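Mind docking chain L on chain F? Use the hints.
Line order of the protein sequences matches chains F and L.
Throughout the first sequence, residue numbering follows the numbering used here, covering 1431 to 2013 in sequence.
Throughout the second sequence, residue numbering follows the numbering used here, covering 17 to 339 in sequence.
The reader is advised that the hints may include incorrect statements.
[Claimed, not checked] Examples of chain L residues lying across from chain F (beta carbon under 10 angstroms, computed):
#1 Y28
#2 W33
#3 L156
#4 S160
#5 L166
#6 A272
#7 G290
#8 V297
#9 R335
If you are wondering where the hints come from, they were derived from the structure by calculation, not from laboratory data.
Quick caveat: nothing in here was measured; it's all calculated off a predicted structure.
Beta carbons: idealized from backbone N, C-alpha and C, even for Gly.
Each chain is listed here by its residues.
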Amino acid sequence: MTGQPDVVAMVLAPAPTLGRRTRGGGRLAAAGAATVIAMCLLALAGPVLVGGVLTDGAPFGSPSLAHPLGTDDLGRDMVGLLLVGGRTSLAIALVAATIATVAGGALGLTAGLLAGRADMVIARGLDIVLALPFLPLVLVVGAFLGPGPVGEALVIGLAWSAHTGRVIRSQTLEARSRPHVQAARAMGAPMAWLARRHLLPIVTPLLVPQFVRAAGAALIAEASLTFLGLGDPTIPSWGGTIAFGQARGALLSGAWTWWIVPPGLCIALVVTALAVTGFGLEERVQPRIAHWTDDGQGRSPTPATASMSESAASPASAATPLLAVTGLAIEYATDRGPVRAVRRADFSVGEGEVVGIVGDSGSGKSTLAMALVRLTSSAARTTAGSIRFADRDLRTLGADELRRLRGDRIGLVPQNAMQGLDPVIDVQAQVVEVIRAHRTIDARAAGERASAMLRRVGIDDARHHAYPHELSGGMRQRVVIAMALVNDPALLIADEPTTGLDVIVQHEIADLLAELREGTRMSMVIVSHDLPTVVRLADRILVMSDGAIVEAGSVNRVIGAPEHPATARLVRALPRLAPTGAG
Amino acid sequence: MVRRVAVRLGPYVLVLWAALTISFALPRIAPGEPLDYLLGYDAGVLSAEERSAVLAQYGLDRPVPEQYVAYLAGIVRGELGTSVRTGRPVREMVAGRLGWTLALAIPTLVLALLIGVPLGALAAWRRRRRTGVALTATALLLTSVPAFWLGLIGIAVFAAGLGWFPVIAALPLTTSGPVVVLELARRLALPVLTLTVGIAGWMLLTSRAAVEATLGEPYLQLARANGIPERDILRRHALRNALLPVTTNAGLTLGALVGGVVVIETVFSVPGIGSLMYASVLARDYPTLQGAFLVTVAAVIGANLLADLAYPRLDPRVRRSGR
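Next comes chain L alone, as it looks inside the complex:
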């Protein structure tokens, strides 16, 4: 049992460890000295005493391996450092924004799955016909458009121009009571829709590739031999089997989603983790940037793990042999 869990979790722990190590190494190998990145300004202006005091405070006077261990131990205790910009713990700042990011990411993911996967299957099925070529070309075009630009155009046309949506997604402080949910939906509609365009395009290309890989499979030929209607062959056999690589591939999709979230939050001023990263880049608030990055990686890994756990439900070959 323990062994199986370890084997299962191993790759995820490894990715998390890699992200932590990158995060630890960056201030130490980037131009300048580590202290600059912790303080957010040039450490050269400090006097010698101030300097050694600050170094001691952050443990930077100790050998690097020791710093590394202390860093990892701190992360395990949930310490993400202190924001240079606000002076608040990074953990608090990130936690307060996670909800917004999830409110943006989850509906987008669901919509993109519902739109992209069936259309991708159709594109593979009709790949030599006009439908398939048109769908694939559209998806290529949609994934070729920068998400932030699409968001800006969306604001100009639908928010500023037609006035259908608010320009800024964040809730006014005066909103309270049950209206919040409705108001939230209205404010997040445009960001979700613009983000969905690109992610659905990506899903379409992914599931198209997966369904296409099943087209040469003998079970489709057997289904045809038994007179199963084409629509059912696509739905019950091709698409069902294509879900397997689509699921194993969830990591890349989630990565694309998170990348889109960062720019879309910035465009629509959604107070989530992505816009926190943007604000931190501008303010040279490195501890916050690193903290937000780590939380993002953890979220992607967590979601990926969920997909991995769901996998045996989709593939009986793994289900039974895993017991």
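Okay, chain F solo, but in the shape it has when bound:
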């Protein structure tokens, strides 16, 4: 409806994060599976060991040595009943799960592979079954089939196949959209070959967690149906034992502790073990979500030997700069060990100064800019150096103190920020939120202040209550800039502020930034691979290549007489008509 992910599939097979990382998921899955297998073996072998259901006790017997869980109204031993009952309940659950996985898997795969009209028909059909309340549906159909384990397994399995089918369908469609499958299709590979060669190997393993899920749901459904009178009263089962206990007054007599509690615990134990197994398995087969956080290194400063000499040397400069970066090194954690993103960065930004950082993509410039305020992705770690901003070290500052600086003293325009406005909140409210995150001010005054700022970035009043999707890319970027500047920061860090916009709008945004800076003492750090924009705005340029600052100097000097090959390459790519005399 709104281009969201397939939410049904998402909820039925949520991205699993219980436990830690893939190995933790594997351990969880193993523990869960071991529990399930142990319970199955117990149900299979147990009755043989204890000699089946013994009817040798007194009716309503309390637990004793001969009967550790007491006896029921017929004097049957509860331990034997529990073991034999487990056979029925587990068998029904496993058969139902098999039916659901086979039927649902077939439907989901067919829909996903055929796509188009066939997919629409199957998906719509699955949706209809999913929209029917599960338990009432199986209860009604089961009642017509008549009581008994066969009917129970059949009804539960078929009804649950809609869930399985839905998940498998969306996973098949996802597999189809993977680049290597798309590429094979584009080269004319027949669908049958694609399915066998590429899609089935991806989707088949996904059936395993779905089977596990189905088994858990089926065990609960079976117990509920049996409790509601659809079981065969002559065959012991966990649900049936509970129902009998209730019917024989175990709740009021105190017998419930050994009559009703144990079978319920058995169900809960197996279903939980199955759920945990499913979570663990899905953890292994689904990609993890990358997200951005404060790297949380604030309170653990590592003394960096490299920066010692640097910090001793820095007071030599005339006035204390607003921002001074010394010996900064950043690593990315990858599967093949740490990779250096920034090897060693030393630079400073004076009050009112505009510093441009340029370089090829992958040169580490964005990582450097975001690391200044500790907003790198969670894989990145700052390993050495210091970041002094107005007498504070941002590298070791507490997380909340740093949070107070961001959006207040330090304004930020992150990369692709125009895609980063909240889609469900109007733009003025988003600016207001930034004001109120840092200032105690009533809603009305904040609203006026936000509107004034929006006007300054060139958004007329009629659009102040627009939602992001109603604005063009350039307009959204203006909103992002308004958010960054609304609290009059001393420093603005803009990461690729013009990237992704068309050429005219790029110029407008660059002009806007220049204009907004006029008459203020605001400093700026502009990161861009777009040299003309940087030339237009910056006083000084830093050139980055391969994780290091290879050249630094005034715009005229660097553009006029590049010393490093990387700089020369960038300058050669500069359009001839670009104004080189700025600054």
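Relative to the frame of chain F, chain L by itself:
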């Protein structure tokens, strides 16, 4: 306008139609003959004349397509058949019990939303920390416990054992006047609480998945860049956006709720639609069972439609483009 309403209602009508068709087909494809299910006993005991008279009375002597049309027409007129057990119209029996079911389902839904959604958001937010893992594990455990068993344990401990609540939820006939509301609250407290446990667990898992899906979204990064406190990022941005899939997903949640209602009503003898279904299964009262099922489906669809209508209030992208 008409077209938009049709597009909006289409899927719901389709589900209702599917439920009706299942209900029509069941007695005709299940073992035995349709007449058995209408009478509630083996039609083989009837004499030939009695038999043809009954067949004619129910229209079963006509061709199946004709029966189908007549069946649908009857439903449109609000006819749900006659109960085998009581001889009363099914419509009346169901209508008399709807109030109890709603009195159980609505407070449960509200409670489960209030508990499950914030905790689910927290579980997603702290997913790598102890809080998140503990919350998720608890929710998994709670949704793994059969609702009827939890209800029975609740009765044994809190009603029979501690005597805090009555064992049976139904009101004694002698109750009247303003006390009714209080008495009702006291009697429904335990069923509502036991049902809430499982549904809140389900809500927790649902909203956890939804919030987690927002964690990679750029608007959270922008909010961090602007120094918005984490608590506000979670509340105003992550949770707010997560409400969208939670709402679109209302159907599954309502289905789980209704399933829980059926067993919990049975356990606590709440005279609602769920216990009516149970009684009908035991008495082989198929017309009543079918009627109760259809009303249940209609209720779930209706609630789902309400959620769907509320959706544009949550998502401006749908709101404006829908005009």
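Going down the list of hints, with the structure as the test:
1. Proximity of L/Y28 to chain F holds as hinted, the smallest CB-CB distance being about 8 angstroms (cut-off 10 angstroms).
2. At its closest, the beta carbon of L/W33 sits 9 angstroms from a beta carbon of chain F; the interface hint therefore holds under the 10 angstroms criterion.
3. At a threshold of 10 angstroms, the smallest CB-CB gap from L/L156 to chain F is about 5 angstroms, leaving the interface hint in force.
4. With 10 angstroms as the threshold, the beta carbon of L/S160 comes within range of chain F, its nearest partner Cβ sitting at about 4 angstroms, so the hint holds.
5. Interface hint at L/L166: satisfied, since its Cβ lies 8 angstroms from the closest Cβ of chain F, which is below the 10 angstroms cut-off.
6. The interface hint given for L/A272 holds, since its Cβ lies 7 angstroms from the closest Cβ of chain F, which is under the 10 angstroms cut-off.
7. Look at L/G290: its Cβ gets to within about 8 angstroms of chain F, closer than 10 angstroms, so that hint holds up.
8. With a cut of 10 angstroms, the hint placing L/V297 at the interface with chain F holds, because the nearest CB-to-CB distance is about 5 angstroms.
9. Checking L/R335 against chain F: minimum C-beta separation of about 9 angstroms stays under 10 angstroms; hint holds.
Violated hints are absent here; each numbered hint is respected by the structure.
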